[in-house]
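First residue of the sequence shown? That's 10 in this note's numbering, and the numbers climb one at a time after it.
These are computed hints drawn from the structure, not numbers from a lab.
Just to be clear, a hint being listed does not mean it is correct.
[What the hints assert, rightly or not] Calculated lysine-lysine pairs in the DSSO-like style (CA-CA distance at most 30 Å, straight line):
1) Lys209 to Lys134
2) Lys74 to Lys40
3) Lys209 to Lys277
4) Lys44 to Lys34
[Claimed, not checked] Just the calculated beta-carbon pair ranges, DEER-fashion:
5) Thr84 to Asn153: 49 to 57 Å
6) Lys487 to Thr310: 17 to 25 Å
7) Asn364 to Asp509: 26 to 34 Å
Here the structure is a predicted model, which means the values were calculated and not measured.
Every residue, glycine too, gets a C-beta built ideally from N, C-alpha and C.
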Amino acid sequence: MSRSSSIDQLISKAARLSQAQKYDKAKGLYKKVLKTVPNHFDAYFQLSLIAAHEKRFDQAIDYTKSAVRHANNATQKSMACDNLGTIYFNLGALDQAIEIYNQNIEENPQFAESIFNLGQCYRTKGNLTDALTCYIAVINLNPNYVSAYIFLGSIYISQRKYALAINALQAAHKLQPSNSGILVELGNLYRTTGELERAKSVFLQALSQDPTMVIARYNLMTLNHQPDNNDISAMESQLMAPSTSPINRIYLGFTLAHAYDLRQEYNKSFLHLRDANLQKRKSIDYDITAEENYINETIATFNQAYVDTMAVNQQRQDAPIFIVGMPRSGSSLIEQIIASHSSIQGGGELYSLGNIVSNLNQTDNPTLRYPNSLAKLTASDLSRLADSYIDSVKETLKPGRFTDKMPHNFLFIAFIFQLFPNAKVIHSQRDPIDTCFACYRTLFSQGQNFSYSLEELGRYHQLYCRLMNHWHQMFPGKILDVSYEAVVQDQAGETQRILDYCNLEMETDCLTFYKSKRSVATASAMQVRQPIYTHAIQRWRHYEKQLQPLLEILSTSQ
10 MSRSSSIDQL ISKAARLSQA QKYDKAKGLY KKVLKTVPNH FDAYFQLSLI AAHEKRFDQA
70 IDYTKSAVRH ANNATQKSMA CDNLGTIYFN LGALDQAIEI YNQNIEENPQ FAESIFNLGQ
130 CYRTKGNLTD ALTCYIAVIN LNPNYVSAYI FLGSIYISQR KYALAINALQ AAHKLQPSNS
190 GILVELGNLY RTTGELERAK SVFLQALSQD PTMVIARYNL MTLNHQPDNN DISAMESQLM
250 APSTSPINRI YLGFTLAHAY DLRQEYNKSF LHLRDANLQK RKSIDYDITA EENYINETIA
310 TFNQAYVDTM AVNQQRQDAP IFIVGMPRSG SSLIEQIIAS HSSIQGGGEL YSLGNIVSNL
370 NQTDNPTLRY PNSLAKLTAS DLSRLADSYI DSVKETLKPG RFTDKMPHNF LFIAFIFQLF
430 PNAKVIHSQR DPIDTCFACY RTLFSQGQNF SYSLEELGRY HQLYCRLMNH WHQMFPGKIL
490 DVSYEAVVQD QAGETQRILD YCNLEMETDC LTFYKSKRSV ATASAMQVRQ PIYTHAIQRW
550 RHYEKQLQPL LEILSTSQ
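All chains should be modelled from the sequences, with the hints used to inform the complete structure.
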């Protein structure tokens, strides 16, 4: 046997061992190859992949650099350079990865993999414009590159360009019709854009392709789909299976809780709800005491003396409409009413104000963090920060008045009035028990970490009430309280009151808000597509016995 044939056999055997995850034996064979052929590209390249898999990144980098040096052609060199960029990306060294990918693309402009990976770097850094350019370039080079369509769609979603996002995901699904994950993302988009029957159909299609796909079942539940006996049995079995992951157990628990609630089997419903919330609570790091300290600090900082002398951006004419309060308190309903007005755009839950506060906190000096830092801000500083808020909003909204329905902006009401003296702040209120129970029944996509424990829910609601009472004392008459129950009982009267506060004339569309074609991406996307209904009021009564820990805490707030 020739030396070349012997080396080829060793490489083939090592590849089989590596595929079987017998990495130590595979490494031994690759190293044996290198003793005979010290410049063997495949041996270096495969050793780099194994080292990266084993998180031995220094070795992976050394092996990859050797592979680059010993590449036999442009394709091999591009593969190795791309792998080097990926190692740096996985290490979080994004700038180094970007430099390597750019060099590789400069040498080989047709190497789509590096262009895609460069897009991933930009996306991770939050540079969505450059990421978008990369994904489009990849698709132009290779129209069958499924991942490029998927991530192109994700950027369009973040930019609220939902029609473009749907087109991108439909293209991805056409290329990979068996990929149920793409169907789920499409279903989420259809739900956001109000195409509820189409969303339901797509989720059912995903489930028919993969009956174990828990996220499809969960998303069907958000559309008030009623599972049949076979569906419930399948979910119960999957929940009990040892192989079911913790996150899937959480999804299954919330889904089964909803299914049994629809059947009015309230004991079974709450058992699943309790277990799912316990599982979710274990998966997150949350400290309600830290929340209490933050609220105490906020109240102490924004006292009467501060408010009487605080810098205000008086030149600012913008009048954003901030809708604040507890999650699940009716804020989406209020926004849908206002955003149905011809003069207002619905911004949804904007992260702009929270991001400004986070940026103010990028310091090791506690005295320079929010809220302490606000006392040091000048009118010029406030103007700059207000500009940054408006600039961020322009990425998704057209010029003009808009709503910002981020509930937790109730933490920043003094700051809002400093940035925008003409701002309108609407406080969405709802029965405390209904509010907290609605939070407990919701698996939020992110945040709301207080909502997975009845005790913490009650304590958080108390904190929220304390702070809102404080803001009313500091800014009398500037904040409009709107009760969810009042809107349900007197829709026309409350709508008029809301519009008057916002300096808007009444329009019929505000009364038929459920006909609006605007996209809604929050947990209330289903509810705001319906006329006013009353069945959500006092829903907690079915679970009064199980909710005693929450009721005891809330009773001390009355």
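Right, here's what the structure says about each hint:
1. For the suggested pair Lys209 and Lys134, the alpha carbons sit about 34 Å apart, so the restraint of at most 30 Å is broken.
2. Among the hinted pairs, Lys74 with Lys40 is consistent with the structure: their alpha-carbon atoms are about 16 Å apart, no more than 30 Å.
3. Our distance criterion of 30 Å between C-alpha atoms is met by Lys209 and Lys277, whose separation comes to about 25 Å.
4. For a cut-off of 30 Å, the pair hint linking Lys44 to Lys34 stands: about 16 Å separates their Cα positions.
5. Restraint check, Thr84 to Asn153: a C-beta distance of roughly 19 Å breaks the suggested window 49 to 57 Å.
6. One distance hint, 17 to 25 Å for the beta-carbon pair Lys487 and Thr310, holds here, with the actual separation near 18 Å.
7. Judged by the Cβ atoms, the range 26 to 34 Å given for Asn364 and Asp509 holds: they are separated by roughly 32 Å.
In terms of the numbered hints stated before, the structure departs from hints 1 and 5, listed from lowest to highest.
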